[in-house]
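Chemist: Protein chains in written order, with this note's numbering: chain A, 1 to 460; chain B, 1001 to 1194; chain C, 2001 to 2249.
Simulated from the structure, these hints should not be mistaken for lab results.
Note that the Cβ used here is the ideal one computed from N, Cα and C, for glycine as well.
Please note: incorrect hints may appear among the correct ones.
Stated by the list, open to error - Short derived list, chain C residues pointing at chain A, Cβ under 7 Å: (1) Gly-2033; (2) Cys-2044; (3) Val-2061; (4) Met-2151; (5) Glu-2153; (6) Ala-2192; (7) Lys-2236.
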Amino acid sequence: MKQHSDKALQFLKDEPRADWHDQTLWIVRQKRDKAARSVADWEKLRHQASQVKDHVLSNLDQYLIQFEKQAVANGAIVHWAEDADEFNHIILDIIKDKSASRVVKSKSMLTEECGLNPFLEKNGVEIVDTDLGERIIQFRKEAPSHIVLPAIHLKKEEIGELFHEKLGTEEGNSDPTYLTSAARAHLREKFLSAEIALTGANFAVAETGTVVVCTNEGNADMGVHSARVQVHCMGIEKIIPRTQDLGVFTRLLARNAIGQPITTYTSHYRKPKPGGEMHIVIVDNGRSARLGNATYRNSLKCIRCGGCMNTCPVFRRSGGHSYGYVIPGPIGAILAPCTDIKKHKDLPFASSLCGSCSNVCPVEIDITNQLYRWRQEISEKKLFPPLKRYVLKVAGFAFSKGSIYDFSGKMARLALRILPRAIVYHRINTWGWERELPAVPSESFKEWYKKNSQKEGGQK
Amino acid sequence: MSRDKILQRLKKNAPASGSLPVYAAKTDLLSKELLLSSFKENLAVSGGKWIELDRREDISSAISENYPMVADVTKQDVWEEYSPSCSKEKLASLDTLMIEGQVGVAENGAIWLDESNFPNRLSPFIAKNLIIVLDIARITNNMHEAYQQIKMEDTGFGVFISGPSKTADIEQSLVYGAHGPVSLLVVLIRMTSL
Amino acid sequence: MKKYRIGLFIPCYIDQFYPKVGVATLELLKKLGQEVCYPLKQTCCGQPLANTGAEKEAIPVYQNFVNNFSEFDYVVTPSGSCAYHVKEHFDILKQTPEVKKVRQNTYELCEFIVDVLKVDDLKIEYPHKVGIHQSCHGLRGLKLGKSSELMTESYNKVRGLLEKANGIELIKLDREDECCGFGGTFSIFEPAISAKMGKERVHDHLRNGAEIITATDMSCLMHMEGIIRRKNENIKVVHIAEILNSNRL
């Protein structure tokens, strides 16, 4: 499988487009800063959110039991899925049970993770993603490139062409208002004829059995209140204990994600509508196992705001599709190896460890530390090619012995001085693709020091 | 059973517990004027509009020019027209829906409503335009305080609405009326209803 | 000012490629009345190995560092990333008194001057337009300043020392603390992004009129200098130690 570095190289080949992608997301980061600055106790809020999530992780079984009890008392039907496969089958069973074939879905990274769409389509179910960005990528048969802004990698001309093909809009018309109203009409028809509406869950409140979904478009509500059957899908870690804890998260989420004080709609689903049916599917898919790993369990605190992606200089310049995992960016780089360390061994290295993501994370996940620790684990599991492992072993030995270190340094400098440019800047020297190596001084600091301290009468 | 396996694993893998934070009852003491101006500002930023009136009786004359076809569900007969069993076509034909809001939030221009405020859960989303009537006295500072005033146990569906429906999914260009209403008007009433 | 016995740690790439920076650091500390020793058997802080995932292989390197430096009151180094690495990642060594002492007392040059010597005016002469590159490990790791993501009180130890320089003009950047993309072995394993990030930093400084880019980390500057020289850009890099050493002390 192509590594992140190969895909990033491809992404950067179209430099103006890469710049546009970078600048677009940087603007979102700046909007986030402005919104965060307007909240008097922003850092305190982050800490409170982190505390709530830490507390929940220590008592997750209790809170899930409480949530289920409340939800059932409210008239909802609660299902549990160990893994992606079981989840997909539960959804299919609900659909088959209603003899339904028309399903609408609002944004849910969980369903992406489980591969729900292709599974349902294989089983003859039309599933329509109703978030505009998601519908666009659904038409294009590609994955979202960002968890909050799924079509951020696309230009309006490309969307115009796509809608001309799929919705019959005017050829060459790429006006966002025009295209959006075409999508509105198209999706309205889907909403009104939907038999089942699926949603994700931003938060699930144990105290009251409430599922909270945040959207700007209102597409979750359009589906949920139109269709007779509503199904809310949540990872086990979406639980928060009390209604009052929502105060913290609803103040943080939209500000940190896109710089808005709140999303247009913050919907609280508790009971089915009169004559309707409400299902909640609780999914594990590796999360409970990850809880047992002290190094990586913090990643379970994630509220999927996407803030880390917007701030990450590597994400902005390589795009979400370079990561090869359903969730890209810094959080993706620490989640993916949990699922398949061999497949995703490149992701913890797709980072300069600058630390910006950890500072931006609303629940104080130590992303940078986890990236560093994944690197150690990948190395220990001998997932590096043998040559790299050997080189590192030798380097470890050489760098621990003063005399060998000095000697290797001297040789390296000598080599750089005498080797022809063509050899020094051979393609294998990746530093040299776009950079000059430093100029070689006539003596190292150590050599200078020895000479000069002898003059002065010597110091150690 | 999956449920039991999952719960067992969670119990086994649980880390040492920390305590939950305790939230201050009231964060800042802001004046009514400041709450109101903050609310208006944030509503406007989300694309919502507002007008300020003395009494509810003044509403129909104030809005009739811009909103000729208002379904005012605060009136019993209109409420019944849009009951849960009402047809989708009828709902889809809603030009403007007018409903009551319960709590306003100054820090973000949002208003909390629940299914006691509209007869049909789809109605506030499917209407082309939405008008929410709100007593100025019910504007509170932030989400913490708003949640303190909401009785979640009493409702089957509730929502904070902070503006017209919108999207920026096409090259970050902001467009109103993605799927829900293309406009939101908040009618702020100065005299508290008894 | 109190006189301390200081062990001077010179990072491997400064030792090999930028000895002037070591010389400036040594001279400055002496001017500030300190007793400065340079253990000759020192090698490296182990970062290049550890960041690549080979922290176990780096343990002998860490040990060599501790052996060379445990006798001193303070260990001072002209490198934010090395100081951070010692303080943070030497946690995998057995925490003997020597290890703890070294971890606690290792300082990057600017934070040593500001926090330990408590000097805020070095009487610097530097009539140039200077852009400060906020090296990530120093900024976010050692907290040499408030990074732009955090909503707390603003402060910056590096800027604080430079502001008072006679004749200096500190330019304002479009992105005040974005990473330069060096990231150690990141520069070799993700060369395309690394170079692109470096180019963007250099252009930010050029756009805003800097003649000189300075930083606490020569690694960042070496990376940006590599780009500058390849593209023949009209801007120079100068390590903070050399600027701080241009003084009337």
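Chemist: Compare the structure with each hint and give your call.
Modeler: Hints, verified against the model:
Look at Gly-2033/C: its Cβ only gets to about 16 Å from chain A, farther than 7 Å, so that hint breaks. Restraint check, Cys-2044/C versus chain A: the minimum CB separation of about 5 Å is within 7 Å; hint holds. Among the interface hints, the one on Val-2061/C holds; its C-beta lies about 5 Å from the nearest C-beta in chain A, closer than the 7 Å criterion. Interface hint at Met-2151/C: satisfied, since its Cβ lies 4 Å from the closest Cβ of chain A, which is below the 7 Å cut-off.
Look at Glu-2153/C: its Cβ only gets to about 11 Å from chain A, farther than 7 Å, so that hint breaks. The beta carbon of Ala-2192/C comes within 4 Å of a beta carbon in chain A, closer than 7 Å, and the hint placing it at the interface holds. With a least beta-carbon distance of about 13 Å to chain A, the hint placing Lys-2236/C at the interface is violated under the 7 Å criterion.
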